[in-house]
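K.L.:
Since the structure of chain H is provided, determine the placement of chain Z on it from the hints.
Each chain, letter by letter, is given below.
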Amino acid sequence: MPKIQFKITLCDAPSCIHKHSKQIRQALDKELEKQGLKEKVSIHLSGCLGMCAKGPIMIVNPGYVMYGNLTENDVPEIVQAHLKHNKPVARLVIGEDHLYNRFFRIFGDVDFFGKQMRIALRNCGIIDPENIDDYLSLRGYEALAKALTEMTPEQVVAEIKKSGLRGRGGAGFPTGMKWEFTAKQPGPEKYVICNADEGDPGAFMDRSAIEGDPHTVIEGMIIGGYAIGASKGIIYIRAEYPLAIKRLEKAIAAARENGFLGTNILGSNFSYDIEIRLGAGAFVCGEETALIHSIEGSRGMPRPRPPFPSVSGLFGKPTLINNVETWANIPVILLDGGAWFAGIGTATSKGTKVFALAGKVRNTGLVEVPMGTTLREIVFDIGGGIPNDRKFKAIQTGGPSGGCLPEQYLDTPIDYESLAKAGSIMGSGGMIVIDEDSCMVNLARFFIEFTQDESCGKCTPCREGTKRMLEILTRITEGKGQPGDIEKLERLGTMIKKSSLCGLGQSAPNPVLSTIKNFREEYEEHIYQKKCRAGVCSSLLSYTINDNCVGCGACKRVCPVDAIEGTRKEKHRIDQNKCIKCGQCYQTCKFSAITRA
Amino acid sequence: MDIIKRKRAQAVARIISKGYLSTKRVYVGMATCEIAAGSKEVMDIFRQAIANGLTDVYLSQKGCAGRCNLEPTVEVVEEGKIPYKYGKVTPQRAKDIIEKHLKKGEVIREWLI
Chain H
0 MPKIQFKITL CDAPSCIHKH SKQIRQALDK ELEKQGLKEK VSIHLSGCLG MCAKGPIMIV
60 NPGYVMYGNL TENDVPEIVQ AHLKHNKPVA RLVIGEDHLY NRFFRIFGDV DFFGKQMRIA
120 LRNCGIIDPE NIDDYLSLRG YEALAKALTE MTPEQVVAEI KKSGLRGRGG AGFPTGMKWE
180 FTAKQPGPEK YVICNADEGD PGAFMDRSAI EGDPHTVIEG MIIGGYAIGA SKGIIYIRAE
240 YPLAIKRLEK AIAAARENGF LGTNILGSNF SYDIEIRLGA GAFVCGEETA LIHSIEGSRG
300 MPRPRPPFPS VSGLFGKPTL INNVETWANI PVILLDGGAW FAGIGTATSK GTKVFALAGK
360 VRNTGLVEVP MGTTLREIVF DIGGGIPNDR KFKAIQTGGP SGGCLPEQYL DTPIDYESLA
420 KAGSIMGSGG MIVIDEDSCM VNLARFFIEF TQDESCGKCT PCREGTKRML EILTRITEGK
480 GQPGDIEKLE RLGTMIKKSS LCGLGQSAPN PVLSTIKNFR EEYEEHIYQK KCRAGVCSSL
540 LSYTINDNCV GCGACKRVCP VDAIEGTRKE KHRIDQNKCI KCGQCYQTCK FSAITRA
Chain Z
0 MDIIKRKRAQ AVARIISKGY LSTKRVYVGM ATCEIAAGSK EVMDIFRQAI ANGLTDVYLS
60 QKGCAGRCNL EPTVEVVEEG KIPYKYGKVT PQRAKDIIEK HLKKGEVIRE WLI
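Chains H and Z are the protein sequences, given in the same order. For the first sequence, the positions run 0 to 596 when numbering that gives the first Met the number 0 is used. For the second sequence, the positions run 0 to 112 when numbering that gives the first Met the number 0 is used.
So here's chain H without its partners, still in its complex pose (with noise of 0.2 Å):
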């Protein structure tokens, strides 16, 4: 096969295709059939890349030389000029200094990093994080500068409103908004939290965002500071993150010797500073509120709202509390502007969203895509479908709080509004594939189990009811489940949600409700067949030994019990009294003859 000499990346997103890139992906094809180039060019496709003005958009690796505004004529002169004798054709180019997709350069011609959009992401994986020459010379700080002496503290929060960005931390409740209130609230003393406490099972979006560019975060807390007229910032990150934490140190230290932080910023009036302070990963102290009094020194445990923290937080204080990633896209908004984040994304959401990509799938890893990215593009065209051929289930979005959705919802495209509908969230990003070797009944019980564990106990539902859940969902993984159990279920589910305090009470029962919507009928196989389809459950199988057995004694020698008893060169038999269904047998027999049903 003949070496492939050029990778193109054609925008696939319907601004683009309103332009008639689809045209443009024909033309290219007959082009390059005409001049014998078929062979040595690929082509990808790309979601969205950003500049739906300059649409359609073309990007030729190696090199990155972009090409905007194209038209089908022009697709010969690039072919005839670029691709056959490298000569890039100047005329169309087009050089933007932007701040995203930096990683396109390195990684564009990866597949899995074809569909991406990279903004909170945007220095991960290409710059030292514990080097702050490597931020400032891909424009580090200018945002900063460009607030403190362009813009007034109204312009910047009306900058962000206009952006429609949306809190990362999974409930969606616009930023912009939030920061107007807290503005408007009267000082002088605010303060600024970043909530880095993340404590999804599964999820590690913050922590890879921090460690791997930790000053977007501090520069989007200035920037936040600066807005609400605080002079206060606190990183509020859990202590299981060593790294993180290390980055963090060393990045603030770096921004305060650059006069990033400190008196008198940039020489301007505005003075701010930072610190950390770290969590002993409770997963409640995510909640807003339960987070506000660990920093105060008392135990983390929600509380009412109203008032809600922008009007009385941390010591009664007016308070703007962001997740990770959204203060990881204030610079960006900053400098690029609010209309152009504004123009990625659905109708509701804006811009993009990372997400930790786990579980049944070829490949896990961080992606950050722009809302409105199919959740099948997510599984099958970033993540590479399920591996040993083994068939997708489902897709559980936002950890312990979020819900399983099924194959007829992976075209659900992805924004707060329609995961919600689809009976999910979207959650802080956890996102991990289940294929048909799971069981949907034991996957609940996990969530619950988690989650009972992680309730704060203030509330009588979330700590009894998760508890009752919990063993309810037990019994029935164990084939001790009893009719109307699944009911029941349903019963002290809705009953959580509608009488718990916080986010962690009213979304707990989130897992066992919407795999009892999706998946009754395996609920229905464990409690009145006793069978797990799944083969998950081992209360639920047994192991016997059929005719195939030619008495080797290979089983007998594995049984960790001496449950299997048989004279050598006979068939075997495997007492169930003494059977603890470890399946180790069934391992390791080479005559199939140990059945599991």
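Check each hint, because a few of them may be wrong.
What the hints assert, rightly or not - Pair by pair, the computed Cβ-Cβ distance ranges are:
1) H/Glu38 with Z/Asn68: 12 to 20 Å
2) Z/Pro90 with H/Ala596: 42 to 50 Å
3) Z/Lys4 with H/Asn263: 39 to 47 Å
Said to hold, decoys possible - Residues of chain Z clear of chain H, computed beta-carbon distances all greater than 10 Å:
4) Leu20
5) Gly28
6) Ala48
7) Ile49
8) Asp55
9) Val56
10) Lys61
11) Asp95
12) Trp110
Said to hold, decoys possible - Lysine-lysine pairs mimicking DSS-like chemistry, simulated, CA-CA at most 25 Å apart:
13) H/Lys37 with H/Lys6
14) H/Lys420 with H/Lys516
15) H/Lys479 with H/Lys516
16) Z/Lys87 with Z/Lys99
17) H/Lys183 with H/Lys161
18) H/Lys145 with H/Lys83
19) Z/Lys39 with H/Lys245
20) Z/Lys4 with H/Lys145
21) H/Lys53 with H/Lys18
22) Z/Lys102 with H/Lys249
23) H/Lys555 with H/Lys589
24) Z/Lys17 with H/Lys245
25) H/Lys29 with H/Lys86
26) H/Lys529 with H/Lys496
27) H/Lys479 with H/Lys577
28) Z/Lys102 with Z/Lys23
29) H/Lys249 with Z/Lys39
30) Z/Lys87 with H/Lys6
31) H/Lys86 with Z/Lys23
32) H/Lys249 with Z/Lys4
33) H/Lys53 with H/Lys161
34) Z/Lys99 with Z/Lys4
35) Z/Lys17 with Z/Lys99
36) H/Lys6 with Z/Lys23
37) H/Lys497 with H/Lys530
If you're looking for bench data, these hints aren't it; they were derived computationally from the structure. Beta carbons are placed, not taken as given, at the ideal position from N, Cα and C, and that holds for glycine.
P.N.:
Quick look at chain Z alone, frame taken from chain H:
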């Protein structure tokens, strides 16, 4: 605004003085996830090679690019070429990358992402 532009120019100058314009730039992923996968040992190998006289190479750490199941990752960037991205780099592979790719310019294709 002027202050920040000056600072950026200084920063760029400092990076260049560290050898950024070398023919080859090597980036090793060093986030918690990558360190857990063994990138610290890989980084040490590259550091050692440079201490032992490997020249014309700019070595830097970087954060997680998000390619978790292929970590640790190492990128070799040369101007005007598609950057080479190696996945699952073990200390042994790192030594081979130094010997073959960095010293002789032979890309080890089967380890590329």
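K.L.:
Please go over all the hints and tell whether each is borne out by the structure.
P.N.:
Now the hints, each set against the structure:
1. At about 30 Å, the CB distance of H/Glu38 to Z/Asn68 disagrees with the hint of 12 to 20 Å.
2. In this structure, Z/Pro90 and H/Ala596 meet the distance hint of 42 to 50 Å, their C-beta atoms being roughly 47 Å apart.
3. Between Z/Lys4 and H/Asn263 the beta carbon distance is about 19 Å. The supplied range of 39 to 47 Å is therefore violated.
4. The beta carbon of Z/Leu20 sits about 13 Å from the closest Cβ of chain H, which is more than 10 Å, so the claim that it is off the interface holds.
5. Non-interface status of Z/Gly28 relative to chain H is broken: a Cβ of that chain comes within 10 Å, the nearest being about 7 Å off.
6. At the 10 Å boundary, the C-beta of Z/Ala48 stays outside the reach of chain H, the nearest C-beta of that chain being 18 Å off.
7. At roughly 15 Å, the least C-beta separation between Z/Ile49 and chain H is larger than 10 Å, which holds for a residue marked as non-interface.
8. Even its closest Cβ contact with chain H, about 19 Å, leaves Z/Asp55 beyond 10 Å, as expected for a residue assigned away from the interface.
9. For Z/Val56, the requirement that its beta carbon stay farther than 10 Å from each beta carbon of chain H is met, with the minimum near 15 Å.
10. With a least CB separation of 5 Å from chain H, Z/Lys61 falls inside the 10 Å interface cut-off, contrary to its annotation.
11. For Z/Asp95, the shortest C-beta to C-beta distance to chain H comes to about 21 Å, beyond the 10 Å cut-off, and the non-interface label holds.
12. With a least CB separation of 14 Å from chain H, Z/Trp110 remains clear of the 10 Å interface cut-off, as annotated.
13. Between H/Lys37 and H/Lys6 the alpha-carbon distance is near 11 Å, which keeps this suggested pair within the 25 Å criterion.
14. Restraint check for H/Lys420 and H/Lys516: the C-alpha separation of about 13 Å stays at or below 25 Å, so the hint holds.
15. For the hint pairing H/Lys479 with H/Lys516, the CA-to-CA distance comes to about 21 Å; that is within 25 Å, so the pair holds.
16. Distance restraint check for Z/Lys87 and Z/Lys99: the Cα-Cα separation of roughly 17 Å lies within the 25 Å cut-off, and the hinted pair is therefore satisfied.
17. About 18 Å separates the Cα atoms of H/Lys183 and H/Lys161, which keeps this hinted pair within 25 Å; it holds.
18. This hinted pair does not check out: H/Lys145 and H/Lys83 have alpha carbons roughly 44 Å apart, beyond 25 Å.
19. For a cut-off of 25 Å, the pair hint linking Z/Lys39 to H/Lys245 stands: about 16 Å separates their Cα positions.
20. Using a Cα cut-off of 25 Å, the hinted pair Z/Lys4 and H/Lys145 holds, with the two alpha carbons roughly 11 Å apart.
21. A hinted pair counts as satisfied when its Cα atoms are at most 25 Å apart, and H/Lys53 with H/Lys18 qualifies at roughly 10 Å.
22. Note on Z/Lys102 and H/Lys249: the hinted pairing is violated, with a Cα-Cα distance of about 34 Å set against a maximum of 25 Å.
23. For the proposed pair H/Lys555 and H/Lys589, the alpha carbon gap of about 13 Å is at most 25 Å, so the pair holds.
24. Distance hint between Z/Lys17 and H/Lys245 is fulfilled; the C-alpha atoms sit about 23 Å from each other, no more than 25 Å.
25. A distance of roughly 20 Å separates the Cα atoms of H/Lys29 and H/Lys86; the hinted pair therefore holds under the 25 Å criterion.
26. Taken as a hint, the H/Lys529 and H/Lys496 pair is broken in the structure, with Cα atoms around 29 Å apart against an allowance of 25 Å.
27. The straight-line distance between the Cα atoms of H/Lys479 and H/Lys577 is roughly 19 Å, inside the 25 Å bound, and the hint therefore holds.
28. Taking the CA atoms of Z/Lys102 and Z/Lys23, the gap is about 10 Å. The hint holds against a cut of 25 Å.
29. For the hint linking H/Lys249 to Z/Lys39, the alpha-carbon distance of about 19 Å falls within 25 Å, and the restraint holds.
30. Our distance criterion of 25 Å between C-alpha atoms is met by Z/Lys87 and H/Lys6, whose separation comes to about 24 Å.
31. Restraint check for H/Lys86 and Z/Lys23: the C-alpha separation of about 23 Å stays at or below 25 Å, so the hint holds.
32. With a C-alpha separation of about 22 Å, the suggested pair H/Lys249 and Z/Lys4 falls inside the 25 Å cut-off, and the hint holds.
33. For the given pair, H/Lys53 sits about 21 Å from H/Lys161 by alpha-carbon distance, which is consistent with the 25 Å threshold.
34. Note on Z/Lys99 and Z/Lys4: the hinted pairing is violated, with a Cα-Cα distance of about 40 Å set against a maximum of 25 Å.
35. For the hint pairing Z/Lys17 with Z/Lys99, the CA-to-CA distance comes to about 24 Å; that is within 25 Å, so the pair holds.
36. Taking the CA atoms of H/Lys6 and Z/Lys23, the gap is about 21 Å. The hint holds against a cut of 25 Å.
37. Among the hinted pairs, H/Lys497 with H/Lys530 is inconsistent with the structure: their alpha-carbon atoms are about 33 Å apart, more than 25 Å.
In summary, the numbered hints that this structure violates are 1, 3, 5, 10, 18, 22, 26, 34 and 37.
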